[in-house]
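S.K.: Below, each chain spelled out in residue letters.
2 protein chains.
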Amino acid sequence: MRESFGAALHEVGNLLVSMAEAARTQMRQATYALLTADKEAADRVVARDAEINELYRQVEERVLRLLAQQQPVARDLRMVITAQHVATDLERMGDLADHVAKTALRRHPAAAVPAELATVIAEMAEVADRIAGKITLVLARYDTKRAAELENDDDVMDALERDLFAVILGSSWQHGVEAAIDAALLGRFYERYADHAVNAGRHVIYLVTGEIADGQASDEDPELPESL
Amino acid sequence: MRESFGAALHEVGNLLVSMAEAARTQMRQATYALLTADKEAADRVVARDAEINELYRQVEERVLRLLAQQQPVARDLRMVITAQHVATDLERMGDLADHVAKTALRRHPAAAVPAELATVIAEMAEVADRIAGKITLVLARYDTKRAAELENDDDVMDALERDLFAVILGSSWQHGVEAAIDAALLGRFYERYADHAVNAGRHVIYLVTGEIADGQASDEDPELPESL
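Protein chains in written order, with our numbering: chain A, 1 to 228; chain B, 1 to 228.
Be aware that one or more of the hints could be misleading.
[Claimed, not checked] Covered stretches of chain A (chain B as the covering partner; in silico rule of three or more C-beta atoms under 8 Å from a C-beta of chain B):
hint, segment
1, 76–89
2, 131–144
3, 177–187
[To be verified] Just a few of them, taken from the derived set where beta-carbon distance is under 10 Å, the chain B residues facing chain A:
hint, residue
4, LEU67
5, GLN69
6, VAL73
7, ARG78
8, HIS85
9, THR88
10, LEU137
11, ALA140
12, ILE168
13, VAL177
14, GLU178
15, ALA180
16, ALA184
[Stated by the list, open to error] Partial list, derived from the structure: chain A residues whose beta carbon lies under 10 Å from chain B:
hint, residue
17, GLU60
18, VAL63
19, LEU64
20, LEU67
21, ALA68
22, GLN69
23, GLN71
24, PRO72
25, VAL73
Hints listed in this document are in silico derivations from the structure and should not be mistaken for laboratory results.
C-beta atoms are modelled at their ideal positions from N, C-alpha and C, and glycine is treated no differently.
Let's have the full structure, built from the sequences with the hints guiding it.
M.R.: Put into structure tokens, the structure is as follows:
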């Protein structure tokens, strides 16, 4: 019974790593599509979102089966429930990459991002990619040190979002209201992507240490930039 | 054992109804604070968000205890896991009311909503309130007919969001970029609030009928208005 539980949980863990890798690739491709106005790349991201959703469903199904067949208690139970929470965060990260790709599609053949925002968006995407890479490792190795680093990465993301708003709201903004709203939403997509990764990291920390992190609280993006 | 499971699940159900009622009151108060630039009302909403988060934690704790002590299977297990999913949606509805209140606070003492948007925001708030009222009944009575109605209410909300964008992006918009971004985000807060309620309703439908609704898929707001 124990061995079977371990094997089943290991399978769930592999699915989570696959989800994290997919969420990372998706955001990388979505950013490429966004910054190069590449319709085909954006279409591929939108099409592949279904794959992440399918992985989510597989996790959910296995979690239910595990609970029903193995009836875990104590730490085992906590691990199973944590896997479910982490899957929810990873699925949303995939959704946010999909949102970025759809923003590119809405503007195509025009570029959705004006030249003066390309750098800050590229930086946000870089932080998002670093964060997604870390969460993959955290899930593969329960590396709580790396999970804790995610909080700092998230602070960097928040600072970049403030930079982005400074440009949109600055006196030299020449692109009008629609482009400003697009840019503000793009900023939020990257920022929330990071938030979900941090949240997934907190779940893993909780699992390993038993200490309650903020959990659900940080799952939504509660603070908008003060300047907004 | 069965009776004890039923009693424990009933308690979880009561907590969910309390969460739904609180999420409804919070959005109602947040809208009032927003439309009247009432700082004290907005402060109260922000302060009370912690109460919804605390209810969420109580649900989570009871769900874990139920799983560990009662080891439910089949439909009982599905009910417990569904309660957890619904709690997640209700907690996020509370977060979104908090976001609306914070938007009011950021602009105080000025009004965050220009006069020409007050009507559409009030209409969105009305739909949000109707939806939150229904989800409370759905949770109290497992009323799948009312749960299914939520999809139509959500369509009304989406149409209102498009109306809002038409104003912001129209040629007569005189309030600049910052107010436009605020308004766009407010529109999304109401729209996502409705989405989460629909999602909670789908979980209840799934529970009662065993038929898989879109589930997690609609949990994020995948479509932005085409005009954006």
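S.K.: It remains to establish, for every hint, whether it holds in the given structure.
M.R.: Quick rundown of the hints versus the structure:
no., hint, in the structure
1, 76–89, "holds (count 5)"
2, 131–144, "violated (count 0)"
3, 177–187, "holds (count 7)"
4, LEU67, "holds (6 Å)"
5, GLN69, "holds (8 Å)"
6, VAL73, "holds (5 Å)"
7, ARG78, "holds (7 Å)"
8, HIS85, "holds (9 Å)"
9, THR88, "holds (7 Å)"
10, LEU137, "violated (25 Å)"
11, ALA140, "violated (23 Å)"
12, ILE168, "holds (6 Å)"
13, VAL177, "holds (4 Å)"
14, GLU178, "holds (6 Å)"
15, ALA180, "holds (4 Å)"
16, ALA184, "holds (5 Å)"
17, GLU60, "holds (8 Å)"
18, VAL63, "holds (8 Å)"
19, LEU64, "holds (7 Å)"
20, LEU67, "holds (6 Å)"
21, ALA68, "holds (5 Å)"
22, GLN69, "holds (8 Å)"
23, GLN71, "holds (4 Å)"
24, PRO72, "holds (8 Å)"
25, VAL73, "holds (5 Å)"
Hints 2, 10, 11, counting from the list given before, are not met by this structure.
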